[in-house]
Amino acid sequence: CGDAEVCGDAKVCGDAEVFSASHVLVIGAIGNRDDFTTFFRDKDNEITVKCGCFLGKIDKFLEKVTQTHGDSKYALVYRAAVEVARLQIDLSGEAPKDADE
Numbered sequence: 166c167g168d169a170e171v172c173g174d175a176k177v178c179g180d181a182e183v184f185s186a187s188h189v190l191v192i193g194a195i196g197n198r199d200d201f202t203t204f205f206r207d208k209d210n211e212i213t214v215k216c217g218c219f220l221g222k223i224d225k226f227l228e229k230v231t232q233t234h235g236d237s238k239y240a241l242v243y244r245a246a247v248e249v250a251r252l253q254i255d256l257s258g259e260a261p262k263d264a265d266e
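Remember, the numbering used here sits 165 above the position in the sequence shown when you count from 1.
Hints listed in this document are in silico derivations from the structure and should not be mistaken for laboratory results.
Source: prediction; values computed, not measured.
Beta carbons are placed, not taken as given, at the ideal position from N, Cα and C, and that holds for glycine.
Please note: incorrect hints may appear among the correct ones.
[To be verified] Have a look at the derived ranges for each label pair, beta carbon to beta carbon:
hint, residue 1, residue 2, range
1, Ser257, Thr233, 30 to 38 Å
2, Lys208, Gly235, 31 to 39 Å
3, Asp236, Gly258, 34 to 42 Å
4, Gly217, Glu248, 30 to 38 Å
5, Asp224, Ser257, 25 to 33 Å
6, Ser257, Asn197, 19 to 27 Å
7, Arg198, Val249, 26 to 34 Å
8, Val249, Lys225, 13 to 21 Å
9, Gly235, Asn210, 29 to 37 Å
[Unchecked claim] Straight-line alpha carbon distances no greater than 25 Å define the calculated BS3-like cross-link-like pairs of lysine-lysine that follow:
hint, residue 1, residue 2
10, Lys222, Lys238
11, Lys229, Lys208
12, Lys225, Lys238
13, Lys225, Lys208
14, Lys208, Lys222
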């Protein structure tokens, strides 16, 4: 609904609750695989991350980044992407009510 668009290399899945363009952010190509990472608002009104085979909450993503990359350049870029996602993704408001309900 609304004017939200998800295209290109974005991967929105799981419990996504995207009803505005400000509920999703795709950054890439980054990381050791030069791939795209997707951050999106979920049904719990939190940010979920899809990066390679990782799919989970943003805090778990940061833990995985530290485990995998330590303090390397890749880790610094992923952490910067997390900060951008936290600034950009709107967690306020509720999904619009469906007219058929």
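These are the hints, each one checked on the structure:
Distance hint for Ser257 and Thr233: a CB-CB separation of about 32 Å, consistent with the stated range 30 to 38 Å. At about 32 Å, the CB distance of Lys208 to Gly235 agrees with the hint of 31 to 39 Å. Between Asp236 and Gly258 the C-beta distance comes to about 36 Å, which sits within the given range of 34 to 42 Å. The beta-carbon spacing between Gly217 and Glu248, approximately 20 Å, falls outside the hinted interval of 30 to 38 Å.
Judged by the Cβ atoms, the range 25 to 33 Å given for Asp224 and Ser257 is violated: they are separated by roughly 20 Å. Checked against the hint of 19 to 27 Å, the pair Ser257 and Asn197 fails, with Cβ atoms roughly 34 Å apart. A C-beta distance of roughly 19 Å is found between Arg198 and Val249, which places it outside the suggested range of 26 to 34 Å. At roughly 18 Å, the beta-carbon separation of Val249 and Lys225 lies within the given 13 to 21 Å, and the hint holds.
For the pair Gly235 and Asn210, the supplied restraint of 29 to 37 Å holds, since their beta-carbon distance comes to about 31 Å. Of the pairs offered as hints, the one joining Lys222 and Lys238 holds, with about 22 Å between alpha carbons and a cut-off of 25 Å not exceeded. With a CA separation close to 22 Å, the supplied pair Lys229 and Lys208 stays within the 25 Å bound. With a C-alpha separation of about 19 Å, the suggested pair Lys225 and Lys238 falls inside the 25 Å cut-off, and the hint holds.
Note on Lys225 and Lys208: the hinted pairing holds, with a Cα-Cα distance of about 17 Å set against a maximum of 25 Å. Straight-line distance between C-alpha atoms of Lys208 and Lys222 comes to about 11 Å, which keeps the hinted pair within the 25 Å bound.
In terms of the numbered hints stated before, the structure departs from hints 4, 5, 6, 7, listed from lowest to highest.
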